[in-house]
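Number of protein chains: 2
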Amino acid sequence: MINGIEEKQFATIEGGVCAAKGFKANGLNCGLNKDKNKNDLGLVVSDVMCNAAAVYTTNKVKGAPILVTKAHLAACGGRTRGFIANSKNANTCNIDGVEKAEAMCQLAAKALGIQPEEIVVASTGVIAQILPIEPIAEHVEELAAGLSYEGNQKAANAIMTTDTVMKEIAVEFELDGKSCRMGGMAKGSGMIHPNMATTLNFITTDAAVGSELLQKALSDVVKVTYNCLSVDGDTSTNDTVLLMANGLAGNPEVTSESEEYKIFKSALYFVMMNLTRMLAKDGEGASKLIECTCAGAPDLDTAITVARSVVRSPLVKSAMFGRDANCGRIFCAIGYAEADFDIDRMEVAMSSENGRVEVYRDGAGIEFSEEKAEEILSADEIFIHIDLHQGDAYAKAWGCDLTYDYVRINGDYRT
Amino acid sequence: MINGIEEKQFATIEGGVCAAKGFKANGLNCGLNKDKNKNDLGLVVSDVMCNAAAVYTTNKVKGAPILVTKAHLAACGGRTRGFIANSKNANTCNIDGVEKAEAMCQLAAKALGIQPEEIVVASTGVIAQILPIEPIAEHVEELAAGLSYEGNQKAANAIMTTDTVMKEIAVEFELDGKSCRMGGMAKGSGMIHPNMATTLNFITTDAAVGSELLQKALSDVVKVTYNCLSVDGDTSTNDTVLLMANGLAGNPEVTSESEEYKIFKSALYFVMMNLTRMLAKDGEGASKLIECTCAGAPDLDTAITVARSVVRSPLVKSAMFGRDANCGRIFCAIGYAEADFDIDRMEVAMSSENGRVEVYRDGAGIEFSEEKAEEILSADEIFIHIDLHQGDAYAKAWGCDLTYDYVRINGDYRT
Chain A
556 MINGIEEKQF
566 ATIEGGVCAA
576 KGFKANGLNC
586 GLNKDKNKND
596 LGLVVSDVMC
606 NAAAVYTTNK
616 VKGAPILVTK
626 AHLAACGGRT
636 RGFIANSKNA
646 NTCNIDGVEK
656 AEAMCQLAAK
666 ALGIQPEEIV
676 VASTGVIAQI
686 LPIEPIAEHV
696 EELAAGLSYE
706 GNQKAANAIM
716 TTDTVMKEIA
726 VEFELDGKSC
736 RMGGMAKGSG
746 MIHPNMATTL
756 NFITTDAAVG
766 SELLQKALSD
776 VVKVTYNCLS
786 VDGDTSTNDT
796 VLLMANGLAG
806 NPEVTSESEE
816 YKIFKSALYF
826 VMMNLTRMLA
836 KDGEGASKLI
846 ECTCAGAPDL
856 DTAITVARSV
866 VRSPLVKSAM
876 FGRDANCGRI
886 FCAIGYAEAD
896 FDIDRMEVAM
906 SSENGRVEVY
916 RDGAGIEFSE
926 EKAEEILSAD
936 EIFIHIDLHQ
946 GDAYAKAWGC
956 DLTYDYVRIN
966 GDYRT
Chain B
556 MINGIEEKQF
566 ATIEGGVCAA
576 KGFKANGLNC
586 GLNKDKNKND
596 LGLVVSDVMC
606 NAAAVYTTNK
616 VKGAPILVTK
626 AHLAACGGRT
636 RGFIANSKNA
646 NTCNIDGVEK
656 AEAMCQLAAK
666 ALGIQPEEIV
676 VASTGVIAQI
686 LPIEPIAEHV
696 EELAAGLSYE
706 GNQKAANAIM
716 TTDTVMKEIA
726 VEFELDGKSC
736 RMGGMAKGSG
746 MIHPNMATTL
756 NFITTDAAVG
766 SELLQKALSD
776 VVKVTYNCLS
786 VDGDTSTNDT
796 VLLMANGLAG
806 NPEVTSESEE
816 YKIFKSALYF
826 VMMNLTRMLA
836 KDGEGASKLI
846 ECTCAGAPDL
856 DTAITVARSV
866 VRSPLVKSAM
876 FGRDANCGRI
886 FCAIGYAEAD
896 FDIDRMEVAM
906 SSENGRVEVY
916 RDGAGIEFSE
926 EKAEEILSAD
936 EIFIHIDLHQ
946 GDAYAKAWGC
956 DLTYDYVRIN
966 GDYRT
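Line order of the protein sequences matches chains A and B. 556 is the number of the first residue of the first sequence in my numbering; add one for each residue after it. 556 is the number of the first residue of the second sequence in my numbering; add one for each residue after it.
Hints listed in this document are in silico derivations from the structure and should not be mistaken for laboratory results. Wrong hints could be hidden among the right ones.
Put simply, identical chains are the same to the list, so a pair is met inside one copy or across any two.
[Unchecked claim] Below are the SDA-like pairs computed for lysine to any residue, each with C-alpha atoms no more than 25 Å apart in a straight line:
1. Lys615 <-> Ile921
2. Lys615 <-> Glu893
3. Lys591 <-> Tyr816
4. Lys625 <-> Ile688
5. Lys625 <-> Gly805
6. Lys615 <-> Glu696
7. Lys591 <-> Phe923
8. Lys589 <-> Phe923
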């Protein structure tokens, strides 16, 4: 159990955000991105209104799209038909940001024949550059006309920035005997840090779940998935996780913390945890995934703080890149985690598909074979295991190594 | 005034930790470092006992030398004769760490003909590798025999790890008509972050200052110098700042917060602020210094938090390396600073010896000439100016850019 959520395996299926009944998607290049082969504008719409839940960046600088999305969800009693999203420009710190974000919703709504408040909006890309609305205005009808139940990858491509791979997943599960589906897409890949980053995450489901529980499930799961993801310690201005449930699966609406609710939450954890891993693995310049588990913690927050401290340490990250089993850096990162625990009781190990090695016990490092350690670190998924031996709480955090490519990408991002 | 300290200019002089009367130093290669041209063992000793003040890492994992130093200072009523220090091995997370740190003091004390408790100890280098005591035992008499009033650079060289330049400074000032001197040496250069890092800092003075005020002055100055330094966000296990005052200048001992105390504190700020700048500029792989000032803050802690947030952001650091005026990243880093202030009233500017450009006002970015910005960012000292316009407090923070070399150095540190 992580944060009261049971970790279950689910069968994955194709379809991403279109896997659930009644969700159409599309994406195209409208010209914000000079590379015509890369989409920059996406649209995902449900056939009927959805209950919606959302989590946004904690940054004081909030992208204008977030302000508009909040207002529209409020205007519709927490419900929405879908969203329009663009990459290449974050529409943030601009004098006309809200105006442009509203215009995007108006354009999409007009093309769909619905009200502007029934659509929400998200943007990702460069901050503090005026968003040109013309390319969007000129392509929005084509975008709406091309919506299809198979358009998930076009939309997933549209939200990518420096991502090198598309991130989507979908699963099937049963609620009260009805088959339900849930799918998600996400984009990273820099500026990713606890409390989210320029991650845009959209999850769709045909399960019928009441608004209040939908938000509770999302908040509980975000805490132990996206908020445990760190690529570089930067928290972006535009992060948005949006969960839409249109109820078309026909199950009786989940309105209490029943067994059905637990299954739904486990499915949501599975979807978001896997997207989180994909985001970490495709972190800017990353060559490998680092997953750190902190078990035996006195409470959940301590477990999260310790695990995150390790995956965000630039020195740990650089050592992982160099396959250098410099474990002192792991102990050091555990030690400066801002949490209250007794460091002398902990045990630490490292593992990968190539084996496992214990590195710390009884208040001191353990000698280990450098050869074995290098073999372990040569895998592309590295696991760090911490057991504090002072409680039952546990949590995981995900990150990636720090590479030359991270510096190259971010030394000259805008050109 | 920063934290109640007046920022004054002082005349700098030669001599580093030997500038003040009665301080001898030496350094040599004892074999911990395979490069025979690089010292790895240093010793600094005062002719008479000194009042001492110290600040240590906040990391829960504390190097054994710190435990021994604390015990020895306590045993001598907060006084000491000097210190022995080594690089290449941090003597941390080792089962025999305290034993070895004690042995270093015993060896030095024997060679000097004093008690082991009269000497303190510091180590820096790789964590969780057993420290071989033999090379130290074999060279400690040579080390003590070679102590001289001109040995400061030999000692400063001994504490360097990945530092590319030696860091020392000394100043002259007057207390009650007596000429006093103060000098310092420091080593960085990775694992440097607010609340210190593998920074070892030793400051010597011949001014006579009471123990209590010595500690107060050091704590007040550390808060706005070393603790405002960030190279990579990692806080080390071995950080130590040691301030020793032997009173040989002959001034009446400073025992109240008099004008003399204020002058002493300004001198200490000048010495430590300049060492801080040297550490930032020589951060691992750094090609330039970033100094961020946050003025107009409601209180000091807010000013520090905001300024530190900017200099530690990997995205800001990467952009500075690439001379990319991606100011959105600066606004973003200000926005996620964990402090309570109104972001819409702030103004932001960037400058260097090549000019100045305003980049943010009235809640939005300001358009600026990219050419001009690139020219500004091509300097090797970049200044970021933030005015929150909501109070009188201000603070500075220092960092460096994030470069390919940082990754190279840390991808394979131990070999």
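(message) Need the list of violated hint numbers for this structure, in ascending order.
(response) Hints 3, 5, 6, 7 contradicted; others consistent.
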